[in-house]
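Asker: Following the hints, complete the assembly by docking chain Z onto the known chain E.
As a plain string of letters, each chain reads:
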Amino acid sequence: MSGALALPRPGLLGRLDPWPWLGAVAFAVMLVFVAWPLGELATQSFIGQESGRFGLDNYAEFFGSSYFRRALVNSLTVGALGTLIALCIGVPLALAYARFDFPGRGAIEVAILLSMHSPPFVGAYAWILMFGRSGWVAEFARGFGIELPPIYGTLGISVASAFGLYPLVFLVVRGGLARVNRSLEEVAYSLGRGRVGVTLTVTLPLVLPALLTAALLVFLGVISDFGTPAILGEGERFPVLATLAFSLYLSEIGAEPGMAATTCMILLAIAFALVLGVRFLSGRRSVASDAGGGGELRRLAGARGWAMTAGVAALVLTANMPTIVVVVSSFLEVRGVVFQPAFTLANYHNAIGAMGNALWNSLMLAGVALALIIVVGAGVGYYISRRSGLLPRALDLLIMVPFVVPGTVLGIGYATVFNEPPLLLTGTFTIIATVYFIRRLPYMTRSCASVVYQIDRGLEDASLSLGRPPLSGFRRIVLPLMQPGIVAGAAIAWVEVFSELSASIVLYTGPTRTLPIAAYQQAATGDIGMAAAYSTMLVGVAATGLFVFLLAARGQRDRGVGWL
Amino acid sequence: MRGEGPDHLAIERVVKRFGAFTALDGVTLSASRGEVLTLLGPSGCGKTTLLRVIAGFLDPESGSVSVGGRPLTGVPVNARNLGMVFQNYAVFPHLSVADNVAYGLRARAVGSAEIARRVASALERVRLSGLADRFPDALSGGQKQRVGLARAMVIEPELLLMDEPLSNLDAKLRIEMRQEIRLMQRELGITTVYVTHDQEEALAISDRIAVMEKGRILQVGSPREIYEQPAHAFVADFIGGCTWLDGAVAEGVLALAAGPRIACGGAPQAARLALRWEDLRLATEADPPEHCLSARVAMASYLGHRTRVRLVAEQGGAELHADLPSHDRLPAEGSVARFAFDPSRARVFGADGARLL
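Chains E and Z, in that order, are what the protein sequence lines are.
Read in order, the letters of the first sequence correspond to residues 1 to 564 in the working numbering.
Read in order, the letters of the second sequence correspond to residues 1 to 357 in the working numbering.
Be aware that a few hints might be false.
Here are a few chain Z residues that face chain E, going by a calculated C-beta distance under 7 Å [what the hints assert, rightly or not]:
#1 SER62
#2 ALA107
#3 TRP244
Some chain E residues judged to face chain Z by a derived CB distance under 8 Å, without partners named [unchecked claim]:
#4 LEU5
#5 ASP456
#6 LEU459
#7 ASP461
#8 GLY467
#9 LEU471
#10 ILE477
#11 VAL548
#12 ALA552
#13 ALA553
Here are the in silico distance ranges between beta carbons for each label pair [unchecked claim]:
#14 LEU471/E x PHE21/Z: 29 to 39 Å
#15 ASN419/E x ALA109/Z: 36 to 46 Å
#16 LEU471/E x LYS172/Z: 37 to 47 Å
#17 GLY241/Z x LEU281/E: 32 to 42 Å
#18 ALA270/Z x ARG279/E: 40 to 50 Å
#19 ARG134/Z x SER190/E: 53 to 63 Å
#20 PRO480/E x ARG308/Z: 26 to 36 Å
#21 ALA24/E x THR73/Z: 54 to 64 Å
#22 THR73/Z x LEU397/E: 32 to 42 Å
#23 PHE21/Z x VAL187/E: 54 to 64 Å
#24 VAL375/E x GLY74/Z: 52 to 62 Å
#25 ARG279/E x ALA20/Z: 52 to 62 Å
#26 ALA20/Z x VAL187/E: 35 to 45 Å
#27 GLU200/Z x PRO480/E: 37 to 47 Å
FYI, nobody ran anything at the bench for these hints, they're computed from the structure.
Even glycine gets a Cβ: it sits at the ideal position worked out from N, Cα and C.
Chain E on its own, in the form it takes in the complex (with noise of 0.2 Å):
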């Protein structure tokens, strides 16, 4: 080797260690569009909507009430039972895909993967054209003399919320069995335990954190939707505590929104208490995976194999119905009320001509958030890894808390906050961006971060050591290693963000309206044959967005969400 070689004198970006800065910044957006919506929504429920004085007023009255008491009674139920259907779902298919090798296995994965993604109120809507009271399958069995249970009410919502959220429960235990130690099954098995109590005594305790996070992530689902009560709900009949935010807030008839706001508070009261409970009660039962984990799929070959297909593919295809059933609809006559047996695209001319902007501006506004939350998140997820120190932590706790919060929640909050200067942002394009954004940035630092976790700090030491700039080597050595995450995050960022109905609605204008808000309202009150081409066109651009980020992380080994 010869000639001396020079190092160029770093300038200041080369010198300066530039994340605390970019974190800094984050954080004070995240203050900003978090925070002080939150806590303006805290500070306007202890403010008295009758007396107008500081004080549990508006909690006295709500507890006072019989029907606000139902609301929170009816959120309860059908967060319990919703949870429950969608375990009895996803449990067995997570227990099937992390044993068992059968044919079909990747096709149904798809499938499991992409009925997550079809928007809650779509499903809900479907449950009413099939079980609703002028549904085809009602009116089938009305032939034969049997009255359906109504599908209104407690058991529609729950049913409804399960078949959209089971492939949560599918996803968090697939991934929990996974890290299960093989061998403290076939210890089991060696000390005489059959395959059933090996799976009720030594697996599913060991799977007690995931299933508890499963729990927690459908609780929190069935409980923060607005469309499907909206929908299923019949609006006033049977409130929860989402809808009744929303009504209290935006009542054409004297709107109370101190009470909105408490109830608000509630809400989010409970969603807390929920997500320190399983915080709780999986750091007591802590059963960390000593090691080894995975293991070897068991092949079903011939008869049993097909048994096992069989099975769950009739599961997979019922919890995907509703989404056929609205896509097929979209496709039939309406007379009235009812489909009739003919095909036509009336339905899609019809919507077409009322939809305006609404399809332009959710992929305007969705390609928008999704790529702050792209960028953002990657940055954000890599520092919050990366580094230690309050900042950091404060960072990750605030960005976690839209997670939680239910999107009617937060769209109130930013209603409430951004209406005046210097941030007057009501009726603007901006603030549903906005909303989309912080609501959906949890899932790409998550997912990235636990990317980041697995990539060796030596890497950027090295990167260091051989002269580079700290963000010229987390351009060239982070930002490639970390792609499976930012996949992995965008692709369920972008679903979620171009169905978001719960903070939109509350913030959306006549100018701002969306493909989803046009969906729910042609649901909620008006023609069943557009809003089941709105939601056909909802669920194929999202599906289509899916598919194209599934075929990016083809070749990736783990497509699981990190950020769960």
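Answerer: Just chain Z now, kept in the frame of chain E:
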């Protein structure tokens, strides 16, 4: 190979604390150009901390580091121009072997033809020429470490820092690689700081060794000095096997509980005598009785050319080890025999660990 002129690496009174724990307690150390200086010590002694302070990953609370006369205080890692080789290789998994090696060159103002030339020559040096387009997951551990080595050397660093580079390799490869590293380092004349906890590796690879314990440097010297003239009880114990015999110094004589007595100056105090395992032998008629002791053979392990025996002193019951040539007529297990040592081979340490004799 201690060179002439000013020190190339100068470390002055470096203190590094982690909370209440003092990892480096005022370390002063230097290395001359072209030298291999090894930091040797048990885990937690501060050797890796010191290496990371030199590299710039850690800022010391006080003290300074300078390389080639240039103080490095406040200079970020990426401007220090130091090559580093890592225990777990830290080879970039998404870059080919050639791109790994070129990584540091691309941060410098080097033309692409020049990069290609330098990469090719570096790969040839570490005998990886045929693997330039491979990706790291297709390489063995030894090959990955060669990539790490080539990547660190190709930038012609002022200083090469090696953090236990061989610990993840198997025993045979370790010996092969340390010879290669030594040859390459000599050829290029790169001043090297080498961290290891493996005393044999340290003896084989170093020009000088700094033995560390609890954030301090106990002794700096050539491998021979460290092994034969340990300045501290810890150094004697850590490097090579030692048998320890308790005793007391009084009136110019060290009297051991096991019997022997040797001349030893110093104030009256408790003291310990250290003997290398190979320095205790079967006694003959010629040995003066004050340098002999009787011991029962508790166990004998045949190790080829040597047989290691575990002994229990008849007087005082101290446990001793001796490596005896296997061709000797060895006493049977359970029998009592006389053993002797040459007092010039004995090292005596005071209660505080300092060398008395």
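Asker: For which of the previously enumerated hints does the structure constitute a violation, in increasing order of number?
Answerer: 1, 3, 9, 11, 12, 13, 15, 17, 18, 19, 20, 21, 23, 24, 25
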